[in-house]
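Here the structure of chain R is known, so what remains is to put chain B in place on it, guided by the hints.
Residue numbers (the working numbering), protein chains in the order written: chain R, 1 to 487; chain B, 1001 to 1102.
For the record, the hints were derived by calculation from the structure and aren't laboratory data. Virtual Cβ for every residue (Gly too), placed ideally from N, Cα, C. Keep in mind that a hint or two might mislead.
[Said to hold, decoys possible] Using C-beta positions, here's what the derived DEER-type ranges look like:
hint: 1; chain 1: B; residue 1: Leu1085; chain 2: R; residue 2: Ala24; range: 28 to 36 Å
hint: 2; chain 1: B; residue 1: Thr1050; chain 2: R; residue 2: Gly137; range: 31 to 39 Å
hint: 3; chain 1: B; residue 1: Thr1044; chain 2: R; residue 2: Glu287; range: 20 to 28 Å
hint: 4; chain 1: R; residue 1: Ala277; chain 2: B; residue 2: Ala1026; range: 41 to 49 Å
hint: 5; chain 1: R; residue 1: Ala383; chain 2: B; residue 2: Thr1044; range: 18 to 26 Å
hint: 6; chain 1: R; residue 1: Asp17; chain 2: B; residue 2: Asn1100; range: 41 to 49 Å
hint: 7; chain 1: R; residue 1: Arg312; chain 2: B; residue 2: Asp1006; range: 19 to 27 Å
hint: 8; chain 1: R; residue 1: Ala402; chain 2: B; residue 2: Asp1039; range: 23 to 31 Å
[Claimed, not checked] From the derived model, a few chain R residues whose C-beta atoms are all more than 10 Å from chain B:
hint: 9; residue: Asp37
hint: 10; residue: Gly137
hint: 11; residue: Gln263
hint: 12; residue: Arg264
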Amino acid sequence: MSTTSIRSWRAVLSDPDRYGAALADRNRALNAFLEIDAKRRPAASPAGAGEAAGAGEAAGPGEAAGPGEAAVPIAVKDNIAVRGYQLTCASRMLENFVCPYDATIVSRLIAAGYQPVGKTNLDEFGMGSSTDNSAGGPTSNPWDTDRVAGGSSGGSAAAVAAGMVPVALGTDTGGSVRQPAAFCGVYGLKPTYGALSRYGLVAYASSLEVAGILADSVDLISDVYTAAAGIDAMDQTSTWTASPPSSETRTVAFLSGDLGLDQRTTAGYARMRDAVASRGYAHTDVELSTSDYAVPAYYTIATAEASANLARFNGVRYGERPLYAENPESLVRAARSAGFGSEVKLRILLGTYVLRSGFQEQYYQRAQKIRTAIRNEFDSLFATYDLLVLPVFPTAAFRHGADELDAFQQKVADKFTTLANLAALPALSIPTGVFDGLPVGIQVMGPPHSEARLIEFARVIATELPFERPPGYEPLSTLPPSGSEVA
Amino acid sequence: MKTELDITADLALLELTGDERVRLEAEVSRLLDYFATMDSIDVTGLEPTTHALREGNRLRPDKPAAELASADDAPSAESLADDILEQAPDLEDRFIAIPNVL
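With the rest of the complex left out, here is chain B:
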């Protein structure tokens, strides 16, 4: 029988074992108990605030904009893509390779 922690860890793609699992189970449960103190405030009639911006969305006219690069020596989109690919642990041509899996 899976515990709540195991189900949650599974969803988060984390493997918990040994001491770490024991410690995290205790800490998660302590914090969830603490979160439960939110029950004692009356939030009737309040809308949730899901985003930080008070002004709402910042829109611009639907016209092509100038180049977004913010500095003269900023990398071009193409060289940026190359630089990003270079961070990959393993490449085959311009594809990111992962270890062989069956």
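Only chain R is shown next, with the shape it has when bound in the complex:
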């Protein structure tokens, strides 16, 4: 992103009341935010960015933070902790919860000159591909409000695409950053597992989920990633490497075979191929023998981990609970039965089932071995190729409700995104332009800790691909300065 546009985004926080009102106004059509507050936190001092960044290199947004300059607004998915804001996970279970601490990535970004301005909508606890499964109501796609924004980070994607914020945080357990980014026509980075601290993320499936970044430029993805990444003493699973793979790309593999793509996605994938060819990369078609097993293995592992992680929601320490109960266990049963939505109950039931004694070997153990097979296949793929290009989702944004894709079909359609989570690899969704009125994103995957390679590839390939904005796009950074409406 150019220094000019970053500067104009800083300017909006010089009048947080006005910006907050403009956010609320635009939110009425989209429901991208569950909570808006542009002045809850004082603007961070641009100094002091260094100490929090641990082993990672700290960098301010566009390195344009001058003394006394306001921060850059950032939206945060409502399953990531920001002190003083709600943390509902779009669940009735956490309706009145006020978060007492900051996620590590949030405190690092505040130190680097970003300021949270609100919490964005999601499928309850991150479970879904539409942001229709939210106790706060569905988020709509800025390109067509009859359609979903994708999920589960649908609010973050819609907020960026609609010009409400330049950048937003999301989480990606099985595609929840990349798929909404693709549906809304913005960039979406799912980093290597552990590259961004998970301290302050509400756990859904701990061995699969990562924090991710959605933005309308590659540069901003890069800036935010660099500022947030690094070892965190509060997260024993955070990782960092002193010797990441080279950022250079020479050979690109394309996933081929019967991919089952709709017309728009077929066209977006073809455009990405043309762009790769015209930039002169060596490119080859490849097939993955394990890819048919990714989705069942993913849902087995994810639901098993969810059934354990969500056991903590018992209505005792926080959250909704009945006024009366026969005994402590009936209190917990009543709280959980009233507090969780239908999709969350489904996944808890499945996870409990696959972990039951007698069924573990058939489902859970087998899924873990398939995860090994998938990792082995990617290890050998990336021994030969620098990057793998593949679709994000078989379709462009689908309509609200179950008419175009029901809940089961939405899960099966996670076949391209769950691979990166199972293999713990980084992946970046890149907008390829608009086809028959809707954007299509195509993702690029690399070996562990190859974020710099993905970002550099996206920068190069962006010169060959149109970056388009939804109809009527007018970013809130172009709000006229306060008082200017007075003639």
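Then chain B, alone, in the frame of chain R:
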């Protein structure tokens, strides 16, 4: 006679009734059938991958570490505990209270 769904729901501390029970029973069974497609891949000789980290555990020397708080204005452990207690639906002193049960 309890069905498999009832046993599972019981373990998960969920009560399922009416339409929701009917719908969830159908969806759970559809997904379990789908999970069964995992039978057709040969996983002989593969070890299960139970965790995401490729590097294994990240260890540090067994010495006292500096304060873990990640920002200057981060809440202290004590005020964090107070803030967390404030989230409880009902408190008696510093104890979380639940409705009377017999």
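Practice prompt. Hint by hint, work out which the structure violates, then give me just those numbers in ascending order.
Written response: Hint check: nothing fails, all pass.
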